[in-house]
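Enquirer: Spelled out, the chains give:
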Amino acid sequence: MQFTETLQSPPLHQISPFVVPSMNKNQIHRTRPWPGFPTSKSSLGGSFGDANCMEQLLVHCANAIESNDATLTQQILWVLNNIAPPDGDSNQRLTCGFLRALIARAANSGNCKLLSAMANVNTNMGIDTHKFSIIELASFVDLTPWHRFGFTAANTAILEAVEGYSVIHIVDLSLTHCMQIPTLIDAIATRLEGHPLVKLTVACITDGIPPMIDLSYEELGSKLINFARSRNVVLEFRVIPSTSADGFSSLFEQLRMQQIVRADNGEALVINCHMMLHYIPEETLSVVSSSTTLSSHQLESSQNASLRTMFLKRLRSLEPTVLVLVDEDADLTSNNLVSRLRSAFNYLWIPYDTVDTFLPRGSKQRQWYEADICWKIENVIAHEGLQRIERLEPKNRWVQRMRSSSFKGVSFSEDAFSEVKSMLDEHAAGWGLKREEEDLVLTWKGHNVVFATAWVPT
Amino acid sequence: MGPEGSSITSSSGSSSSCSAAARAPDHHHHHQIDQLLAGAGYSVRSSQLHQVAHRLECLENVMVHNQNIPTHLPLQYHLANDVVHYNPSDLSSWVDNLLSELHQLQPGSSASSSGLPPCAGNYESTGWSPSEFHAPPPPRNGNGNESENQQPQEVLSHVLHLMDQEDSSIQLVHVLISCAESVQCGNLPLAGSLIADLQALLTRVNTACGIGKVAGYFIDALSRRIFTAVPPGAASFMSCWASEDEILYHHFYEAAPYLKFAHFTANQAILEAFQGHDCVHVVDFNLMQGLQWPALIQALALRPGGPPLLRLTGIGPPSPDGRDSLCVIGLRLAGLARSVNVKFAFRGVAASRLEDVKPWMLEAAPNEAVAVNSILQLHKLLGPDQVHGSSSVEQVLAWIRGLNPKIVTIVEQEASHNQAEFLDRFTEALYYYSTMFDSLEACSNRADNVLAEIYMQKEICNIVCCEDSARVERHEPLAKWKARLKGAGFKPLYLGSNAFKQASMLLTLFSAEGYCIEESEGCLTLGWHSRPLIAASAWQPASD
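Just so you know, the protein sequences line up as chains A and B, in that order.
Numbering of the first sequence is given in UniProt numbering, commencing with residue 1 and proceeding in unit increments.
Numbering of the second sequence is given in UniProt numbering, commencing with residue 1 and proceeding in unit increments.
Wrong hints could be hidden among the right ones.
According to the in silico footprint, chain A covers these stretches of chain B (three or more CB under 8 Å from chain A) [unchecked claim]:
hint	segment
1	260 to 270
2	295 to 301
3	498 to 510
No lab work stands behind these hints, which were simulated from the structure alone.
Predicted model only: the values in this text are computed from it and were never measured.
Cβ atoms here follow ideal geometry from the backbone N, Cα and C, with glycine treated the same way.
Start from the sequences, fold in the hints, and give me the full structure.
Expert: Here you go:
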């Protein structure tokens, strides 16, 4: 039963002349409908019911912010502050992350002001993302299959594709700062015949996306070279500063120039995309590329005007030997705040749920892990336009993009499947693996988490 | 500049001189007027006001009437290019400075010779002569900022207008106090003529905001008191239907953060007090539209360990048209509670006065944790009525104590509007409601503001026009309530850091800059620019 259902507004003639006569019916009873919950959902009970309630409250709060309803927003924020402590269970911590993001959004929007005093009042507000050392990051990444899944699947596909080449040029576009490379070099050293030269090109991203590392890419590169040497692999390392905001243009330019001097025989070009491509702006951003090199043909189709697809087409023009695309399977592209919030809430409960299985409460690492998730939540909820860079797309849409950029999918072999499977066995029981057509998908309690796909030019 | 420093101490037994002439008020009123002027932004003492007024007259003469001054140019230059050179809030020296400058510009003085710096190049090189003072303005230059491009006579009239306004505003306050003084002395004819003066002054100030607007309401209230035939004790002015009260309350709730602050803070304390209790009972001294309770119900629904059984007893005035409006609200809240799986029971107690409520009407059960919630109600019990030798407030506090509540949340206006002398109340109220109206102006919602102002106007009228049992807006400061509650067998329950953090966060997010929350000895106050306006505290029975 909604709060206002039985509301009767008093007949106007009862109002004495002291009251300003310009009041109309709407003004009199603009009482606020308190968000009612359908009884069927709440009867579920238990923690699942609670998560639903929290999601509902967050949705109502988002609606209230979007409609500039300060009073309702305040009321819901008050409730959320009390029921979602930052140190509660996984649902409460998830809700707390969203709550902070909503507060940040309210603070950013024109009608609300955030005083500097607030920073002192609620010390949780500033998200301190940790700067990892390489050792820290390596062990961090190993804790969970979130990245290991993509690494393992990608490595198998890469190894199959580069068999027989004497030079392997790997372009690593990865969120994890080359954490995949040591295992890849290991695999190259042990499983490939001959001693191929490995050239590694890395895009140095300056966008401040967590996880962040505390050393420069030059230092990182020399560490990798040393590691490779210890495996009898000669590694050349190159860093190209680039940004997702323009679709990694500078990286592409470098690669294109290299294409000209690429060895005619025996140089494999491997493009390894690990959770980076979703930072490239896509159609819903309505950023029209100002590049004058767009031909009229390209301008006709809005699909082609997207930087994201343009980037894939550019990669296609490099004639790569194999392209691996690994990313998170969720849709955070909606321009509607509420549907974006729902999508994000119904995906990001997963990392909060999993963290209990591999990190103890109160540990520093858990704080870092959850801080990175909070960064993501805040970016999705509190920001708009170019600042909102966490634009995850589900697997199906990526597959479409790749196909329309003249790539065709490559299946993962049975060996690959079992290799990934045995990697998963090292982790908690909730993790699972499934095939979807040619692709591999990592699951948690049956829900899709991360997908891995491999592509070759058609 | 904390709350303690800016509060006006109540004057007990100040002797005010009642003379027909507009004599300078005595020292106590000096202090109060100085406070008012300081509040309006002027650093000038009331003792200097006569002198300032005189100097302003001179200035007016010199600037407007004396056409012998050859150059308004340098004056414009000073005014436009050295706008911050003199601080107009320091009225005395500002006026003196202007006067001395203009005296320098008398014909034959050296200032009119080449020693003067050239103008900022906005005027034709032919310069000005006195006869051109009344000539039509020359064409403007295109660029440059406003002040440099203004023609001298525009600047002049603007300055005069400002000074006129400032002058009139100060006079307004001055005459208001004098009028209240004459009302206190019973000199109604004088008071009446001062009302006429005040009406005249009102035409010379901006009544859409600031002191002009507040003064308007106070003049209106004084008029009612002076000119209405009905003795002030009998009827309560601006009596309204209960439904109209609800509308005004609702708009006041929306327009300004005061009621919202009260609700959040009380709810936070109640929520924390109810931890661990499975049967809880909230007694609301003024249910109104039950705006305080949905958030608490929702928070109880999702609290760890599950929701308690919640009983709500809502007290409110009986409905005039036979509708049981309390029950309507209760039903609505019950529907909400059902939708979030909270077992809920509601009881309405219709009483036109809080002192008519008896504890047996609340049906408090022995095993339940009781929270008594009083938002802006207790001060109504401070009237002169006595029953069996004890005052209403003592009786009510006694039966609250008798309920053995887990917590008593009390929110009251932080003001001293219950002093014995009318003039003291009047002056204090003028200061308080000026601040309230200022804070309201900073909030942007026009639609709510109009009705919120009427809500406050009713309080003002009650304070100014009513006496004896009709005067219910008997606000007293927190310090007095603390003493009273301690005397009635209560001890403070400190509002925790959660309450402070929530209040600060929510208010800084959604209210204009200028509001501030302070914590002191476990109580929270919300104020405007360091003047506290509303205070929240929580109490529990002291062990015997």
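Enquirer: The segment 498 to 510 of chain B covered by chain A? Criterion: 3 or more residues, Cβ-Cβ distance below 8 Å.
Expert: With 10 residues closer than 8 Å to chain A, the segment 498 to 510 of chain B meets the three-residue bar; holds.
Enquirer: Given that the segment 260 to 270 of chain B was listed as covered by chain A, double-check it with a C-beta distance under 8 Å for 3 or more residues.
Expert: holds (count 4)
Enquirer: Would you check chain A against the segment 295 to 301 of chain B, counting CB to CB pairs closer than 8 Å, and say if three or more residues qualify?
Expert: holds (count 4)
Violated hints for the displayed structure: none, as all numbered hints are satisfied.
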